[in-house]
Amino acid sequence: DVKVTQSSRYLVKRTGEKVFLECVQDMDHENMFWYRQDPGLGLRLIYFSYDVKMKEKGDIPEGYSVSREKKERFSLILESASTNQTSMYLCASSSGTSGSYGQYFGPGTRLTVT
Amino acid sequence: DAKTTQPPSMDCAEGRAANLPCNHSTISGNEYVYWYRQIHSQGPQYIIHGLKNNETNEMASLIITEDRKSSTLILPHATLRDTAVYYCIVRVANTGFQKLVFGTGTRLLVSP
Chain A
1 DVKVTQSSRY LVKRTGEKVF LECVQDMDHE NMFWYRQDPG LGLRLIYFSY
51 DVKMKEKGDI PEGYSVSREK KERFSLILES ASTNQTSMYL CASSSGTSGS
101 YGQYFGPGTR LTVT
Chain B
1001 DAKTTQPPSM DCAEGRAANL PCNHSTISGN EYVYWYRQIH SQGPQYIIHG
1051 LKNNETNEMA SLIITEDRKS STLILPHATL RDTAVYYCIV RVANTGFQKL
1101 VFGTGTRLLV SP
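So the protein sequences, as listed, match chains A and B. Going by the working numbering, the residue at position 111 of the first sequence is 111; the numbering climbs one at a time, nothing skipped. One rule links them: number in the working numbering = place in the second sequence (from 1) + 1000.
With the rest of the complex left out, here is chain A (with noise of 0.2 Å):
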């Protein structure tokens, strides 16, 4: 079974505070991304990377940064937490370079930002 690990599954952070969120798949996923998800909102990307050291800034980037050191881990850097970051923040990790393949899901971690 595929499986995608992040970090935390609850964190709580205050303004200003430099926040890193960690992701790991075990499938050799060329793929990985970086969602928020909100009441209202739906899912929207943040960023994504399909190789390592490679990335690419998905809808709402702003506030974000992201590293990819390693294959199998994906790592999302909130600069400096704001209250509007508070939100769930889901990993996810895909195959390929065709595109047809599934993304495979974290279990996410809500982030509270006070």
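Treat the hints loosely; a few may be bogus.
Okay, derived cross-link-like pairs now, DSS-like style, lysine-lysine, Cα gap no bigger than 30 Å in a straight line [stated by the list, open to error]: (1) B:1052 <-> B:1003; (2) A:3 <-> B:1099; (3) A:3 <-> B:1052; (4) A:55 <-> A:70; (5) B:1099 <-> A:53; (6) A:3 <-> A:57; (7) A:13 <-> B:1099; (8) A:71 <-> A:57; (9) A:3 <-> A:55; (10) A:70 <-> B:1099; (11) A:57 <-> A:13; (12) B:1052 <-> B:1099; (13) A:18 <-> A:55; (14) A:13 <-> A:70; (15) A:71 <-> A:18; (16) A:3 <-> A:70; (17) B:1003 <-> B:1069; (18) A:13 <-> A:71; (19) B:1003 <-> A:57; (20) A:55 <-> A:71; (21) B:1099 <-> A:18; (22) A:55 <-> B:1003; (23) B:1099 <-> A:71; (24) A:53 <-> A:71; (25) B:1099 <-> A:55; (26) B:1052 <-> B:1069; (27) A:18 <-> A:3; (28) A:53 <-> A:13; (29) B:1099 <-> A:57.
If you're looking for bench data, these hints aren't it; they were derived computationally from the structure.
Chain A is already provided as a structure; the job is to place chain B on it using the hints.
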């Protein structure tokens, strides 16, 4: 990506088959049909996808009509753990920007 229409909610008795419909009348020839589900407070889960042939895996079956304008996800023996929101997505399979966009989905309630 083509738009999809799903019923907002459905009920199913435990042990019975759950048949979840999806209309995608504007689908084009190179678009796949994907199904995901999301159990409350968990990440979405990929279920199955197909282009034009029916597909089956350990979780479900996907039946796509011959004109590809609609499809049905079948959970053959629904359990209480299948209670979730099910999303039907139609999208082109290509490289690069692969974001998923979920609609409102169908909230399936499986009851004892």
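Enumerate the violated hints, using their earlier numbering and listing them in ascending order.
Hints that this structure does not satisfy do not exist here, as all of them hold.
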